[in-house]
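Novice: Here the protein sequences line up with chains A and B, keeping their order. Heads up, the numbering used here is the position in the first sequence plus 361, with the first residue counted as 1. Heads up, the numbering used here is the position in the second sequence plus 361, with the first residue counted as 1.
Careful: at least some of the hints might be erroneous.
Think about it this way: if two alpha-carbon atoms lie no more than 20 Å apart in a straight line, the pair counts; the simulated EDC-like pairs of lysine to aspartate or glutamate are [to be verified]:
#, chain 1, residue 1, chain 2, residue 2
1, B, Lys384, A, Glu456
2, B, Lys384, A, Asp451
3, A, Lys384, B, Asp451
4, B, Lys384, A, Glu447
5, A, Lys384, B, Glu369
6, A, Lys384, B, Asp435
The set of hints was computed from the structure by calculation and includes no laboratory data. Just so we're clear, the structure is a prediction, and the values are computed from it rather than from any experiment.
Now for the letters of each chain:
There are 2 protein chains.
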Amino acid sequence: MKSLSSLEQMIEALRRLPGVGPKSATRMAYHLLQHDREGAQMIGQAMINGLNMIHNCGSCNTFTENTLCDTCQDSERDTSLLCVVESPSDQLMIEQTMTYKGLYFVLMGRLSPLDGVGPQDIHLDKLIRRATDGVVKEVVLATNFNNEGEATAHYISETLKVRGLHVSRLARGVPVGGELEYVDPGTIARAMLDRRNT
Amino acid sequence: MKSLSSLEQMIEALRRLPGVGPKSATRMAYHLLQHDREGAQMIGQAMINGLNMIHNCGSCNTFTENTLCDTCQDSERDTSLLCVVESPSDQLMIEQTMTYKGLYFVLMGRLSPLDGVGPQDIHLDKLIRRATDGVVKEVVLATNFNNEGEATAHYISETLKVRGLHVSRLARGVPVGGELEYVDPGTIARAMLDRRNT
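Same shape as in the complex, but just chain A (with noise of 0.2 Å):
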């Protein structure tokens, strides 16, 4: 196997993909070149054009092919509201709930000091610049509702309100659908503690 070092090349390449490893990269490798050879060029042909094309908008921070992204030229849209998300994905879904008319900041990560994750990876100056134009009044923090998430978003609350903004937080409750007997106590206290009047 000493000369394949096109084929070595290869798997060392597929090594980069979040969560391959040597045999999964091996695998995958085999396959594209035995059963595959078209979506290896698909991938090849993908990879470079992406990389050419495909950058961070200059306002909201997702990934697009122009300056800015089409819901960051969308003149339709509340621009007194910015909501902070952790990923286009989870953009994505509250863009699917129809409930939020406002732009968006999209973190591209959070906070993990443990990963070695900290502010400047979360493109918190960019953010801060961005909530503080003058336009923007009020900053829903929408990242995940887990340790990192939550951390993430004290973080940039405590960063954004003594620079005057006011920040708020999507609602922790019981999810609809849900029955109490099969929801966590933590949820449960949360939803108890936010009570709200009807």
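Since chain A is already given, all that's left is putting chain B on it; use the hints.
Specialist: Frame of chain A, contents of chain B only:
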């Protein structure tokens, strides 16, 4: 997200990898674009380069960048022995045992009628031509010992024996270091039937 055709192309391309669904492909694309653009570059170049350089060895069918692979070009090999394996990984395992000095034929798969993998997909014609070249005296079947591997070995054995070749199979039995109490009954039964004189 409508205009992000380059990003969608990346995600669609990554889905061609075995074991990668839409969620994983999306996560991989985001990771590469945000945290490892060099990795995306490596993958793109390795794919394009691999497709250009790598093809099947004319003799043993494994992956190589030359007409014949290193093993087939090795003049120290015993050309009367031909070992049939399912994949290059299996060949590597046998090489590491240092117990075999013959040549190989790599099927690049196994018979699996339920998955639509028939004799033409495991290059049986090429194997028959290779095995009946007049030099090969014995074919050692080293396919896996699961259902598909056993069926493949049986099918190849029947096909080659009618052509007058001596066909053998790797021995089955208790693994080295195995304790009878923890070995499955099927293996012990096989080891009892195949017991040999000491």
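Novice: Please work out if lysine 384 of chain B and glutamate 456 of chain A have their alpha carbons no farther apart than 20 Å.
Specialist: At roughly 18 Å apart (the allowed maximum being 20 Å), glutamate 456 of chain A and lysine 384 of chain B satisfy the hint.
Novice: Take a quick look at whether lysine 384 of chain A and aspartate 435 of chain B sit within 20 Å of each other, Cα to Cα.
Specialist: Outside the cut-off at roughly 27 Å; violated.
Novice: Does the structure keep lysine 384 of chain A and aspartate 451 of chain B at a Cα separation of 20 Å or less?
Specialist: Given pair lysine 384 of chain A, aspartate 451 of chain B holds - Cα atoms ~13 Å apart, limit 20 Å.
Novice: Tell me if the straight-line CA distance from lysine 384 of chain B to aspartate 451 of chain A falls inside 20 Å.
Specialist: holds, 13 Å
Novice: Lysine 384 of chain A and glutamate 369 of chain B were given as a pair; does the straight-line alpha-carbon distance stay at or below 20 Å?
Specialist: Not OK: lysine 384 of chain A and glutamate 369 of chain B at ~27 Å, beyond 20 Å, violated.
Novice: Does the alpha-carbon distance linking lysine 384 of chain B and glutamate 447 of chain A stay inside the 20 Å limit?
Specialist: holds, 16 Å
In terms of the numbered hints stated before, the structure departs from hints 5, 6, listed from lowest to highest.
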